[in-house]
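Visitor: Chain by chain, the residues:
Protein chains: 2
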Amino acid sequence: MDPSPTIAEIASFAGKEITLKGWLYQKTDKGKLQFLLLRDGTGIMQCVVLENEVPASVYAAARKVTPESSLILRGTVRPDKRAPGGYELAVHGLEVVHLAQEYPIAPKEHGIDFLLDHRHLWIRTPRQMAILRVRAEVIRAAREWLDNNGFVLVDTPILTPAAVEGTTTLFEVKYFEDIAYLTQSGQLYNEADIMAFGKVYCFGPTFRAERSKTRRHLLEFWMVEPEMAFVELEEMMGIEEEFVTHIVRQVLARRGGDLETIGRDPRKLQKIGPHFPRVHYDEAVEMVRKKGEEMAWGDDFGAPQETILSQGFDQPFFVHHYPEKCKAFYMEPDPQRPELSLSADLLAPEGYGEIIGGGQRISDLKILEKRIAEQNLPRQAFEWYLDLRRYGSVPHSGFGLGIERTVAWICGLKHIREAIPFPRTLYRLYP
Amino acid sequence: MDPSPTIAEIASFAGKEITLKGWLYQKTDKGKLQFLLLRDGTGIMQCVVLENEVPASVYAAARKVTPESSLILRGTVRPDKRAPGGYELAVHGLEVVHLAQEYPIAPKEHGIDFLLDHRHLWIRTPRQMAILRVRAEVIRAAREWLDNNGFVLVDTPILTPAAVEGTTTLFEVKYFEDIAYLTQSGQLYNEADIMAFGKVYCFGPTFRAERSKTRRHLLEFWMVEPEMAFVELEEMMGIEEEFVTHIVRQVLARRGGDLETIGRDPRKLQKIGPHFPRVHYDEAVEMVRKKGEEMAWGDDFGAPQETILSQGFDQPFFVHHYPEKCKAFYMEPDPQRPELSLSADLLAPEGYGEIIGGGQRISDLKILEKRIAEQNLPRQAFEWYLDLRRYGSVPHSGFGLGIERTVAWICGLKHIREAIPFPRTLYRLYP
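As they're listed, the protein sequences go chains A and B. Mapping to this note's numbering: the first sequence position 12 is 218, numbers consecutive. Mapping to this note's numbering: the second sequence position 198 is 404, numbers consecutive.
Hint data in this document are derived by calculation from the structure and do not stem from the laboratory. It is possible that part of the hints are untrue.
In silico DSSO-like links for lysine-lysine, alpha-carbon gap of 27 Å or less [to be verified]:
1. A:K270 - B:K572
2. A:K419 - B:K380
3. B:K270 - A:K572
4. A:K380 - B:K419
5. A:K474 - A:K496
6. A:K496 - A:K620
7. B:K238 - B:K270
8. B:K572 - A:K380
What the simulated footprint calls covered on chain B by chain A, stretch by stretch (three residues with Cβ under 8 Å from a Cβ of chain A suffice, anywhere in the stretch; the number is not a length) [stated by the list, open to error]:
9. 595-604
10. 626-635
To be clear about the criterion: a stretch of chain B counts as covered by chain A if any three or more of its residues have a C-beta under 8 Å from a C-beta of chain A, and this derived list gives those stretches [to be verified]:
11. 293-301
12. 374-385
13. 403-411
14. 414-428
15. 469-478
Bear in mind the structure is a predicted one, so any value in this text is a computation, not a measurement. Where is the CB? At the ideal position from N, CA and C, for every residue including glycine.
The following block holds chain A by itself, in its conformation from the complex (with noise of 0.2 Å):
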């Protein structure tokens, strides 16, 4: 039998007898010559059938195979300079696996509904494929840091009995007599694990059951959450500036060819790397009142703040200390200001704006009990989580980046909803 490698391999296979199995990328009918355009998951590779070098009833199939039919084809792998990849296929045989029937996803344009619709489909055209693989590069890379870094993955659950950012956004779920909600973070976990591991990271879906319509949020999304014991704020932020520039130098080195396809500009991911500006919540709305936006001290950056303050940086960049009312209940006060929290948020450039929220987390048993009653938060769901406050309470930090934001960013996409395969939005379940 021939050897059956992947695109990807074929540099291995030059001028050997091969067996290639894909389906129709594109075809051009010359008369006697049919160049097939075959994709397998690894790359796209241009086969050449000669009317006068195959029999009849091979011909007469590679003529009439629709695009996105799967095929197998045989044939000899030789050095092609105008062929993508450099290599051709020279087949002798093709076997037509499934014709498939007229594809309703042309190269012309279709409008965003139609593409969501059919994303069962659209994942397969290069552009998706290549946004997909850098999120799972992200995923990779991300991993890896933490893994090679000391964290020992933990898992959260995703069937919660309480809320760690209010109920209002929660999705319920019937529980049989009882009723659970799905997770919007582990990090109360995380804060348990800790107390075990030292440093813990969590990486699951999240879900927020936000009614907004905006290109940045989606209402079930991914989020790798780190946490630390002995670990405060300043600290921390150092940790993201190594995480995050692990993640954006990965991608650039195993899968540039992919940010190519996408369009991205590489060298603004280049000069990605320690240290990133830290700027003062005080400072940052200076910033943003300076560009002639209004905004009251004390409120959090809404989309159009965050997209101005992102605008004015080409790396990531800190906000820290945002006022306490900002921030969910654990956040450890600022000592020297108690109106403002030990909390940072980490904002991607170019207009991108928030990928990571990270903050040091109140570590005395007495200010979390103040803060759970001042919240009218339901302390007896609570109690395990007050537990960590009187056996052994250490400062401990920590923060969660959302991989679609991240990967929106790295790809430079404007809509978050290409960075998912399949995005779950207010109005969208299906497929």
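Based on these hints, arrange chain B on the given structure of chain A.
Guide: This is chain B only, laid out in the frame that chain A set:
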């Protein structure tokens, strides 16, 4: 400032002054000397405080410190053959970060309900930490093998409109004015993704709302699901062998100390390797009957039958060609005996039973349409899935490996609930 290594790194600091941060695991009071066993998540270290070598205040603090208190110790690392790890810390300075209240988990035996109610603290005990470290390694190794073997990670959605395997065991989610269900498997989406990428995997939480209380079931569990275009049943089984063997060998190579803590005999794992025995369903039924257990041909194996079968092997083994009616609607029928399906489950030895379910999927549009009609599935919801058979259908196969079952087998656990950080069972949603 002194360096602040982790306990795992301590050997490189012999003779040096260091700072050590962690929690008091145990203490022995010898009158003029305190032995503190400090744990920091990477190991446990013996730290010695001598009354006549430290200031009176330091000695008093060492004497007073309670189990699970968080501490910062300063001292000199010195070799000591009697100490766990071969080094001890001669303490000069001690800071009590937080003096723990009386710790509820004592070295004595506790009931399982008490331990599960205190899971956020229970995970600090060496055995639970060791199990969760093995879990992290199972996941890392699984991803590593797939990433290095041409599989692209494509995350499939958690919120889905349709059910893969019937609606009775689905968790229902209020999705604004609509209803969504929590995924039971990413497989159907994987099948769309292979038509783009050739080989893919998804890896995430999956959910089954089963009212069962066996030692093998969780309502929320993690599953890795590889799927491959142009791969048929036989080839798939070979791939599973390589995959499972890699995971076991990585755990042996990297988490040997944890297996020892758990009390798992590594020799049972050292023998795991290709090829795994392959048992036809017909033959498996005979094996069960020979051991004196009743079983009708055509039935699926229940827990008792699975345990009996699995006790007869010391390697994982395949049971293949299950009757079509035992399996889901998408299973490819055996062309020779259409009452059978091209399916194969992988069962772990020593009575553990199924860790993988898998098989070849129907590639023909007409056969799939017929199955959907026969099983009264909502055709409309499957239109996108049928599309995959309209546009370049190919023979394809895939499987799903349950993480908790695999961890339970590798660690030799009696109950699956210890194989996940925060188990979700019929009556347990807290903490």
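Visitor: Compare the structure with each hint and give your call.
Guide: Hints, one by one, checked against the model:
no. : hint            : in the structure
1   : A:K270 - B:K572 : holds, 22 Å
2   : A:K419 - B:K380 : holds, 18 Å
3   : B:K270 - A:K572 : holds, 22 Å
4   : A:K380 - B:K419 : holds, 18 Å
5   : A:K474 - A:K496 : holds, 25 Å
6   : A:K496 - A:K620 : holds, 26 Å
7   : B:K238 - B:K270 : holds, 14 Å
8   : B:K572 - A:K380 : violated, 37 Å
9   : 595-604         : holds (count 7)
10  : 626-635         : holds (count 6)
11  : 293-301         : violated (count 0)
12  : 374-385         : holds (count 7)
13  : 403-411         : holds (count 5)
14  : 414-428         : holds (count 5)
15  : 469-478         : violated (count 0)
Going through the hint list in order, the structure does not satisfy hints 8, 11 and 15.
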